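> With the sequences and hints as input, model every part of the structure.
Residue numbers (the working numbering), protein chains in the order written: chain A, 1 to 319; chain B, 320 to 596.
In short, the hints are calculated from the structure, not lab data. Please note: incorrect hints may appear among the correct ones.
Unchecked claim - Some residues of chain A that are not near chain B, with every Cβ distance over 10 Å (derived):
id: 1; residue: T114
id: 2; residue: A230
id: 3; residue: D265
id: 4; residue: P270
id: 5; residue: S274
Unchecked claim - Some chain A residues flagged as far from chain B (calculated, every beta-carbon gap over 12 Å):
id: 6; residue: K82
id: 7; residue: A152
id: 8; residue: I212
id: 9; residue: D246
id: 10; residue: T261
id: 11; residue: G276
id: 12; residue: S277
Stated by the list, open to error - Quick list of the computed label-pair ranges, beta carbon to beta carbon:
id: 13; chain 1: B; residue 1: D528; chain 2: A; residue 2: S274; range: 53 to 61 Å
id: 14; chain 1: A; residue 1: G276; chain 2: B; residue 2: G372; range: 35 to 43 Å
id: 15; chain 1: A; residue 1: I212; chain 2: B; residue 2: G372; range: 24 to 32 Å
id: 16; chain 1: A; residue 1: G310; chain 2: B; residue 2: T499; range: 52 to 60 Å
id: 17; chain 1: B; residue 1: G430; chain 2: A; residue 2: T143; range: 34 to 42 Å
id: 18; chain 1: B; residue 1: D501; chain 2: A; residue 2: E253; range: 52 to 60 Å
Computed from a predicted model, the values in this text were never measured in an experiment. For each residue, glycine too, the CB sits at the ideal point set by N, CA and C.
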Amino acid sequence: MTTGNTMGRGRRTWLRSAAMTTAILALISFAGCSSEEATGGGGEGSLTLSVGGGAALQQGFPYTEGNVEYAFVDGWSLEITKYIVVLGGVTLRDPSGGGVVGEWAGPAVLDLATGDGNSQELATLESLPATRLNLEFDLLRATGAATNRTAAEQDLDTMIQQGWSFLVEGNASKAGKTVAFRFGLDVQSHYHDCINGKDKTKGIAIERDKTIGAFIYAHALHLFWDTLAAGDESLRFDAFAAVAGDDDLVTTEELRQQDLTDLHDENGDPLRDSDGSRVLYNDGGMLPPDQLNLEAFLNYAARSSVHFNGVGLCGSSAL
Amino acid sequence: MQYSIQRRFLVGIGGFGIALAALTIGAVACTEETAGESIEFDTGVTGASSTGGSVTRFVNARDWSVELTSAKVAIGPAYFYSSAPQATWVDKLLGVRVAHACPAHAQYDRGTVLGEILQQYVIDLTSGEVTSTGISAGEAGVCQMFEVHLHPPGDVPAGSPGAEFSDLHGSTAWIAGTATKDGEVIEFEGGMTVPDEGTMRIVESIPADVNLADSADRSGRAIVEVYLDQWLANVDFASLPESSNGAARVFDPDSQAYSAWLTGIRSRYAYGLSWRN
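Here is the structure:
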């Protein structure tokens with residue numbers, strides 16, 4: 001009896017001791033990891049995801065945003081009349097466990113230059129847990145399975161035939177000369193670990209009983225920068241115009257002919273800046289030695305042009 | 320009494336066990352915050368071939384048979400990182416690259432600096448020898464990416480004796496040799512100074528897969544390999560302006576050859592990292 005009572009008190013003591021120790025240590029352990037945790041407080045909300053290409057599609061070049069004028073250093077003005085992208089694979093994940101809590105497979109084909117060039121709704125995901133979630137999405141090659149939202153059917157047909165995920169069309173003018181461009185890019189990519197450009201946090205917070213808006217930014221500006229590295233970027237079009245040929249139309253195949261180690265003008269002479277120096281595109285050391293051409297450069301530029309909620313950066317990997 | 324001692328012992332063991340489990344869970348959850356082991360390792364730089372062939376004799380993409388008689392470069396600093404490099408087309412083959420770079424917006428996360436070469440060294444790339452570039456302090460781990468800096472001599476603290484820099488004739492790199500194509504033989508020489516624009520003097524995001532360890536625990540050293548065939552992969556030597564009185568043609572900044580060498584010397588395909596003696 002005595003032994004039994006002693007054993008009972010001992011078992012309870014043992015359990016109390018173990019439970020308290022565990023609780024304290026668990027609190028210490030998880031307090032140290034609080035930044036990794038989801039912060040949800042329960043409930044559900046929705047996310048409406050839009051996509052747009054920015055002021056370049058709305059106003060053409062040059063344009064002014066804030067106090068900055070975005071103008072071509074080689075004197076071209078430019079309008080983009082078609083900017084077609086294929087998007088899908090939108091996935092929202094619980095950052096703590098990685099589990100999928102929301103999906104929209106798509107894909108959808110959108111011409112971001114249609115209308116006034118403002119953003120277009122891509123998808124609304126409902127019944128999402130009201131907590132911070134990680135965003136992933138895909139830039140995809142056009143296929144017959146894609147839903148055409150706002151692109152011309154013949155453009156979509158071309159993209160399917162060519163295996164493109166981007167189609168860009170427009171006109172550029174300089175000193176009374178006009179050159180058209182129409183090129184496609186095959187840059188199938190998976191975007192993940194997106195940083196929210198609005199608040200620089202990772203992912204997006206879903207709010208209970210609300211529909212939150214977010215934005216995939218296919219930043220058209222990137223396609224005409226002369227660098228793939230950071231800093232000292234300039235907008236240029238001379239290298240494009242030089243390969244337009246007799247029809248004054250720049251195509252994908254012609255972009256491939258523009259050698260980045262030997263940029264030439266329309267007469268085949270070295271392409272020069274206003275100060276007489278050779279124009280150099282800075283590939284940031286990224287392009288393989290057998291792909292040093294303007295098409296490959298644009299492929300890389302296009303891939304890194306897609307952001308989240310402003311200029312929030314995502315990781316990307318080729319599909 | 321015996322029971323009491325055993326119970327106290329059991330209480331202690333049980334509590335300790337659960338506490339250990341809780342700590343383990345916490346520790347696993349926090350592995351990203353676990354610092355790597357501090358290490359020191361030797362570093363070096365050498366000339367090499369991207370194909371494993373001759374360092375000084377190769378045929379480039381423009382069908383020039385190149386024979387280098389001299390190739391020297393001022394390299395440093397260099398940094399060895401834990402994160403994966405930026406994406407490129409090879410990621411379709413390797414499937415692991417990550418792109419974050421965005422001109423004007425931001426840079427990608429390079430991860431932890433696992434080791435570094437902090438000074439500038441003159442490297443004789445045709446000597447066949449590895450030039451020691453000092454001992455690096457750092458953290459044990461797999462270097463997945465590194466970067467090398469290509470500054471003009473004197474722009475950063477020197478690791479090599481001052482006299483060695485004179486071989487560079489004031490440039491960051493200096494080469495000399497002959498190039499042959501279709502019976503035409505061109506003797507060439509010249510220097511390269513990478514423009515000080517943006518981050519051009521840094522060759523970033525060079526892929527690597529080298530386990531960095533303390534030199535006391537593992538023989539060998541971290542060696543940066545400079546692939547001379549990639550430096551000159553797209554050089555058309557015929558674009559070098561002809562010289563008078565039969566002298567070697569010089570790398571004129573207004574030539575395709577110069578632009579191609581500039582692109583090549585900045586290419587991440589022109590460098591590698593290995594661990595060997």
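> Please go over all the hints and tell whether each is borne out by the structure.
Now for the hints, and whether the structure bears them out:
no. : hint                        : verdict
1   : T114                        : holds (26 Å)
2   : A230                        : violated (6 Å)
3   : D265                        : holds (14 Å)
4   : P270                        : violated (7 Å)
5   : S274                        : holds (16 Å)
6   : K82                         : holds (24 Å)
7   : A152                        : holds (30 Å)
8   : I212                        : holds (23 Å)
9   : D246                        : holds (25 Å)
10  : T261                        : violated (4 Å)
11  : G276                        : violated (9 Å)
12  : S277                        : violated (8 Å)
13  : D528/B - S274/A: 53 to 61 Å : violated (45 Å)
14  : G276/A - G372/B: 35 to 43 Å : holds (39 Å)
15  : I212/A - G372/B: 24 to 32 Å : violated (57 Å)
16  : G310/A - T499/B: 52 to 60 Å : holds (54 Å)
17  : G430/B - T143/A: 34 to 42 Å : holds (36 Å)
18  : D501/B - E253/A: 52 to 60 Å : violated (28 Å)
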